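> Generate the whole structure from the sequences, applying the supplied hints.
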Amino acid sequence: MTDVAPSLPTLRVIIVADGALAAALTDELGAGADDPIGGSAHLTGIVEVVQVEHAEEAVELVSATTAEVPLVVLSGRPGGVDHTIDTLDRAPSLRRASTLLVTDRAVHDDAARAIDGDRLDGVIAIPWTAGALRLHARSQIARWLRAHLPDDPRTGSLIDDTERPLELPDSEMLRDLEREPAAVTERLLAAIERVLGPRPRLHLPPGIRLTHQGEGVNGVLVVLRGSVALDRSTRVGDLRLHHGSTGPVVGLLSLAQQRRAFFTARTTTDVEVVHLSLEQLDRALRSEPEVGAAMAAVSIRALAQRLRRSEQLQVEKIELNRELDAERERLADALHQLEQARLELVEQARFATLGELAAGIAHELNNPVAALDRAASYITEDLERLVTSHPQGPALAQALTTARDRPPSSTAEEREQRRVLEAAVGDRELARRLLAAAVTDPDDARRLATGPAGEIALLEAAAGIGTAIRNLEVGAARISGLVASLRSYARPDGDPVEDVDVHQGIEDTLRLTAHRLAGARITRDYDEVPRIRCHPGQLGQVWTNLLVNAAEALDGEGHIRVLTDAPDPEHVRVRISDDGPGMPPDVLKRAFEPRFTTKQGTVRYGLGLGLAIARRVVEQHDGRLSLEADASGTTATVILPVAGPADDTTSRPQPPSPGG
Amino acid sequence: MQLAVLILEDERPVREALARDLGHFGGHVRIEVAEDVPDAWAVIDELDRDGDRLALVLADHRLPGTSGVDFLVLLLDDPRTVHTRKVLVTGQADQQDTIRAVNDAGLDRYIPKPWNPDELRSVVRDQLTDHVIEHRLDPLPHLQALDAARVMPLLRTRGDR
Amino acid sequence: MPTDVHHPRSTLPRPTHLQLAGLVVGLIAFLVPLLVDIPGLEPAGQRMLAIFLLAIVLWVTEAVPLVATAMLVILLEVLMISDQALVALPEDVLAASDYFAALADPVIVLFLGGFLIADGAAKFDLDRNLAAVMLRPFAGNARRSVLGLMLITAMLSMFVSNTATTATMFAVVIPILAVLPAGPARTGLALAIPVAANVGGIGTPVGSPPNAIALGALEARGEGVSFLGWMLLAVPLMVVVLLFAWWLLTRRYIAPDTPMALDLSSSFDRSPAAIVFYVVAGATVLLWLTEPLHGISSSTVGFVPVVALLATQVMGGDDIKALQWPVLWLVAGGIALGAGIGATGLDTWLLGLVAWEALPLTLLVLLLVAVGLGLSTVISNSATANLLVPLSLSLATGLPIDATAIGVIVALACALAMALPISTPPNAVAYATGEVDTRAMATNGLLVGGFGAVLLATVLPRVWDRLGLL
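Residue numbers (our numbering), protein chains in the order written: chain A, 1 to 660; chain B, 661 to 821; chain C, 822 to 1291.
Simulated from the structure, these hints should not be mistaken for laboratory data.
Misleading hints may appear alongside valid ones.
[Said to hold, decoys possible] Partial list, computed: chain C residues near chain B (C-beta under 8 Å):
#1 Arg-835
#2 Pro-836
#3 Leu-887
#4 Ala-889
#5 Ser-982
#6 Asn-983
#7 Thr-984
#8 Ala-992
#9 Ile-995
#10 Ala-1104
#11 Ala-1143
#12 Gln-1145
#13 Pro-1147
#14 Ala-1249
#15 Val-1250
[To be verified] With a straight-line Cα cutoff of 20 Å, these simulated SDA-like cross-link-like pairs (lysine to any residue) come out:
#16 Lys-773(B) x Leu-517(A)
#17 Lys-589(A) x Glu-628(A)
#18 Lys-944(C) x Glu-779(B)
#19 Lys-944(C) x Asp-1139(C)
#20 Lys-317(A) x Asp-238(A)
#21 Lys-944(C) x Ala-809(B)
#22 Lys-944(C) x Ala-1129(C)
#23 Lys-773(B) x Ala-518(A)
#24 Lys-944(C) x Val-1125(C)
#25 Lys-773(B) x Pro-584(A)
#26 Lys-944(C) x Arg-818(B)
#27 Lys-1142(C) x Arg-796(B)
#28 Lys-773(B) x Glu-676(B)
#29 Lys-1142(C) x Val-1128(C)
#30 Lys-773(B) x Asn-471(A)
#31 Lys-773(B) x Arg-672(B)
#32 Lys-317(A) x Asp-231(A)
#33 Lys-1142(C) x Ala-1129(C)
#34 Lys-1142(C) x Lys-773(B)
#35 Lys-773(B) x Ser-632(A)
#36 Lys-944(C) x Gly-1173(C)
#37 Lys-1142(C) x Arg-818(B)
#38 Lys-773(B) x Asp-231(A)
#39 Lys-1142(C) x Leu-814(B)
#40 Lys-589(A) x Ser-632(A)
Keep in mind it's a predicted model, so treat the numbers as computed, not measured.
Ideal Cβ placement from N, Cα and C applies to all residues, glycine included.
What follows is the structure, given as C-alpha cells:
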C-alpha cells in the first residue's frame, strides 16, 4: 500500500461519509494518475484514503494509530457540520487536519462554529467536476505538509509538472502577487515596453511633486528606483500618509477618483520613473494581458499595503486614544489631588501666617502691657503721696482706695445701694454721685449732702481715679492673659513639646475664638488627664476647627460641650459636641473632604478645610479623629497618644501627595 | 417724668466707663446700668414704677446667655419700650447680627468699641432728641440733654400763657 | 423703624401737692359764697363770686390746666348765672349764648388771624429769614449784635407769640451760644432773647394774650382800641424798656470784645405758596396799621388772612389744628369771666369793699401794676389778666381815669413779669437751656420788669395824656 520509508508516519485522508457519496469520494480521491483537470500529481502512494461512516469512527481510527491525517473530507449530512467537526476535534491529529466539506445542500446553517474555529478549509458542491475534488484535496494536502512536515521528503514530491509547488497559485495575477515587488514592477514595465517600445527613464531629484492633490491626473508614473511619499493637506496641516507604502505606480488611485489626485506625491530620494500617459496605459492594457495582471498585482499590493498601513494606523489610533483617555483620567485625578493639596497648603499658610502674626502681636503687646500695668501701680503710689498733702487727704485717700478695691457687685445691688442713699438725701442724681464717690453709708451721705458743695465732686474725682486704676489693672491683666494664650496658641512649630496640658490648649483656643463662639453656651467637663507630648500650636488648630465647626453647626444659639478624659493611661480623649441639627450620613461621610461644605444645608464648615486639616494634624500625632452625628447633634472625638508623635514628624502637616 | 438711658454691658470696666462718659447727662436724664438682660428688665420695671421713660438703650452685642440684639428685639414687644431708641455698642458683630439688629430690632445706631467719648455723647444727644421730637415730648425738662436747636420748633406751637 | 402698632399707655400726670391743695381750696372757695349769705350781694353776684374765687384758686395753683379752668368758668357761668341756670335766678341774667359767645369774641378772631400768620411765618421760615436779614446791620460788635437780636426778637414778638419767637430766636442763638466760652456772655445772650420776646409782646394787640384780654374787655364796654391805637400806646414803652434791658444785660454780661459770629445766611422760600403767604401777611399787617384810614376793625382784618390762606390752600386743616387753641380759649375764658362779673353786679360790690377814692390815683395805678406784675410773675400772664382786667376796669368807672388806660396798663403790667423761669414760657425756655440760673433771671427780670412797671405806672399815663392818645 505504501512504499515510503517506515520511519515516516503514514499519511491518511479520512472520508467521513456513507453510501454512494462515500464510494464516489473514495473513488475520486483514490483515482489514478491521469488528472483531467490539470497537473499530474499523484496522491496515491503518498496518502492512503480511509472511509468511515461517522466521525466517531474516525476518532477511534486515529487514536489507534500514529498516522498523521492531513485531510478530512466530510459529507454535509443532516446532523450538523459543527457537530461532526466537534467530534473529530476530540482527536488531536484530526484537529490539525484540513477539512473539506462535500455537500449537496444549497444552504448550511450548521457550520458557524466550524467557520468561527477556522476548521473548514473548503466547500465542494455535489456533483463536482471529476478530478476537481482530487485537485483540491491535493493542494490541501500539499499545504498541510508544507506547514506541518516541511522536512518530509513527501512534501517536496508534491509538485506539478512545472516544478511548482502544488499549493501555489497558477494564475498570472495571483502569482504576480506572490512575486517580489521589484520583480513585478519589472515585469510590468517589460510588458508595457513590449507594446510601446522602450520607455525613457526619468531621473528626478528629491522634493519633486509627481502629482498635486486635487489636480487632474493624466497619466501614471512607474517608480523603478527611489522612494516617493504621499502627502495630503488637511485642516490640521500637511500630513505625510504614506512613505514606505507608496507602491511603484503613482497616480493609479486617482483613476478611480475622477482623475483627481488624492495625494500630493513627492519624491524623497533620487528616483527613476517611467511616465505613462493614460492613452499609453490604455494601449498597453489593451494589447498585453500581462500588463493588466501586473498592473492589478501592483495596484492590489499597493492598496493592500496602504490598507494595512491605514488599518495599523487605525489600531494605533485606538490604542493611542485608550492611552490618552487613561492619561487624561490620571491627569484629572492628579489635578484634583493637587487642588486639594493646594487648598490645604493655602489654609496652612494662612494658619502659619496667622500664627506668626499672633506671635508677633503677642511679643509686641508685652511691652505696652507691662507699661500699663506698671503705670497703674505708679499712679496709685504717686497719688497716695499727693493726696496726703491735700487738706482732705485722708477722706480722698479713703474714697480712692474704697473705689479701687470695691468688690464686684451686681448692677442690681448697686441700684439698691443708690436707693438707700436716695432715701437719705432725697435726690437721685445726688445719690448717684455719692455712690460714684464710693459713699455707701447713708449717714455719710447725709453729712456730705448738707456739707460744702465741692466736697462730693472732690470725692467723686478721687473715687473716679480709684475706679480707673482698678479698670486699668483689670484690663492689663486681661491683655496679659490674652497675650499668653496667643503665644501658646501661636507657638512656633518645632520639635514636639513635652508635658503639655491639653486643657490649657483648649482654654487658650476658647479664649481666642470667643468671638466666633458668640451665642453658644460652653460647658467644660474636664477629667484628670495625663500631660501629653505634642505640637501645641497644631493642636490649637484642631481645637479651633472643631470648636468653630461646632459653633457654626449651631448657627447662633446652642450648647457646646467639651469633654476630656483618659480612656487608658496611654491616651487622652477630647470630645467636642454640639446640640445642633447633626449631619445626615452622606454629609458625614464627606465631612473630611477638604473642600466639603454644605452651604445651603444646615451644616456649614466655614473653614472648609477645617476638618481635613484637623484630621491630618491628629493623625500626624499618631492619634485619631472621628466624627459622629445624629439628630441630637454632632460629636467630634480626638484621641491622642500621651507619647506624642514620632520624632521624625515634620513640623508641619504635609499636603497629600497626588494620587495618595 | 425723666428720660432714662439704659446701659446694658456685662463687663464692669466698660460699663463704668460708659456711665462715666455719659456723666454729663446726669441730672438731665436718668442714667441706669445693667449687667445682664434680667437686670435690664428690672431697671425697666423700676423706671416704669417711677413714671420715667426709657428713651435710649445702649446695649453691648455680646452678653452672657443671649445677644444684645435679642434683647433689642424683645424691647419691641413691650409697650414700655417699644419707642425706645436702640444703639448697639460693640467691639464685634458680624454682618448677620448687624443686619438682624437693623431689620428686626429697628437699630438706630451702631457705636464701635473703643468709642470716642465725644462721639458717644453726641450719639446719645441725637438719639434723645430724635426720641423727644418723634413723640412730641415736652423738651424743656430735658433740654440740656438734647440738641436744643433741633427741638426749638417743638416749642413754637406752644403759645403763650 | 418698624410699623408702630403699639399704643403706649397714656399715663395721667400725677397731681402735685400744690395741685391737690388747689383742688381742695378751690372747692372751699367755691362753696363758701354759695353757702354763706354775703351782705350787699345779689344771689347772682354770690354765684359769680363763687366762680371767680374758684377761678382765682385754680389759675393760681394750676390744679387743672389753665385752659380747663377757662372752659370751666364758661360752663359754670352757663349753669349758674345764665338763663339756662340749673337753679333759676330772680334777676335778669345774660343768655347762655352770651357766655358761649366769648369763644368767638372779635378779639379771639383777631388772635386767630395773628396766630395763622405767625404759624405761616414759621411754616415758610419767614421769621428766621427776616431775623437773618434784619440782623445784618448789627453784625460785628457783640453788644451791637445783642441789640440787633433783641430788637428783632421784640419785633417778631409783636406779631408772633412770645414763645414761638423765643423758639425761633434760640434756634438762631444756640449755635452762637455753643461757641461762646462758658461764662457771663452766654448768660447775657440767653437772657436777652426771652426778655426781648416778653417785652416785644406788649407791642400789638396780637402780641400776647393779656393784650387781647384787655382789648376784649374794653370792647365789651364799648371802648375798643384800634390796632394802631394800641401800638401807639404800647410801643414807646416797649422800646424804652427794651433799650434799658439791652443796656443792663450788655453792661452786666457782655464785654464789647466778646467774639460773636451771627449766622446771617437767609434763603427765602420762593415757592408760589410762600409768595401768596408773604402778600397776605403783608396786606394784613398793613391793614391793621392803617385802620384809621379805612375803618375796618382789626378783628375783621384778622379774619381776612384766615379766609385768604385757607382759600388759596396756602394753609390747610393741619395748620388750623396746629393753632394754639388753648391760648385762644384761655383768653375766651377771661372774656367770659369779665362778662359775668359785669353782668352780675359783682364788680360794683367788689368796688364797694374798699374806699378806692381815698387813695391817690398814682398810688392806685402803682398798686394795680404791682399786683399785676407780682401775680403774673408766679402765675400765667393770661390768667392774671383774666382776673385783674375785669376788676380794674370796674374800678375805673369810679375814678378819674380813662378805662382804656387802666385796661392797657394792667395788660402791660402782666407782660412785664419775667423774674422767674415759670413767669413766662420764654423764660422757661431760656432757663431750660441751662445757660441762665434762677438768680440771674430773677435779678434781671426784676430790674427790667420793675423799670418798666415804674414807667408804666408813673410816666406813661402822663405821656399818653400829653400826646392826647386817650
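> Give a verdict on every hint.
Each hint, compared with the structure:
no., hint, in the structure
1, Arg-835, "holds (7 Å)"
2, Pro-836, "violated (13 Å)"
3, Leu-887, "holds (6 Å)"
4, Ala-889, "violated (13 Å)"
5, Ser-982, "holds (5 Å)"
6, Asn-983, "holds (5 Å)"
7, Thr-984, "holds (5 Å)"
8, Ala-992, "holds (4 Å)"
9, Ile-995, "holds (4 Å)"
10, Ala-1104, "violated (23 Å)"
11, Ala-1143, "holds (5 Å)"
12, Gln-1145, "holds (3 Å)"
13, Pro-1147, "holds (6 Å)"
14, Ala-1249, "holds (6 Å)"
15, Val-1250, "holds (6 Å)"
16, Lys-773(B) x Leu-517(A), "holds (19 Å)"
17, Lys-589(A) x Glu-628(A), "holds (10 Å)"
18, Lys-944(C) x Glu-779(B), "violated (32 Å)"
19, Lys-944(C) x Asp-1139(C), "holds (12 Å)"
20, Lys-317(A) x Asp-238(A), "holds (18 Å)"
21, Lys-944(C) x Ala-809(B), "holds (16 Å)"
22, Lys-944(C) x Ala-1129(C), "holds (16 Å)"
23, Lys-773(B) x Ala-518(A), "holds (17 Å)"
24, Lys-944(C) x Val-1125(C), "holds (19 Å)"
25, Lys-773(B) x Pro-584(A), "violated (41 Å)"
26, Lys-944(C) x Arg-818(B), "holds (15 Å)"
27, Lys-1142(C) x Arg-796(B), "holds (15 Å)"
28, Lys-773(B) x Glu-676(B), "holds (14 Å)"
29, Lys-1142(C) x Val-1128(C), "holds (15 Å)"
30, Lys-773(B) x Asn-471(A), "holds (16 Å)"
31, Lys-773(B) x Arg-672(B), "holds (15 Å)"
32, Lys-317(A) x Asp-231(A), "holds (19 Å)"
33, Lys-1142(C) x Ala-1129(C), "holds (17 Å)"
34, Lys-1142(C) x Lys-773(B), "violated (46 Å)"
35, Lys-773(B) x Ser-632(A), "violated (37 Å)"
36, Lys-944(C) x Gly-1173(C), "violated (51 Å)"
37, Lys-1142(C) x Arg-818(B), "holds (12 Å)"
38, Lys-773(B) x Asp-231(A), "violated (80 Å)"
39, Lys-1142(C) x Leu-814(B), "holds (15 Å)"
40, Lys-589(A) x Ser-632(A), "holds (18 Å)"
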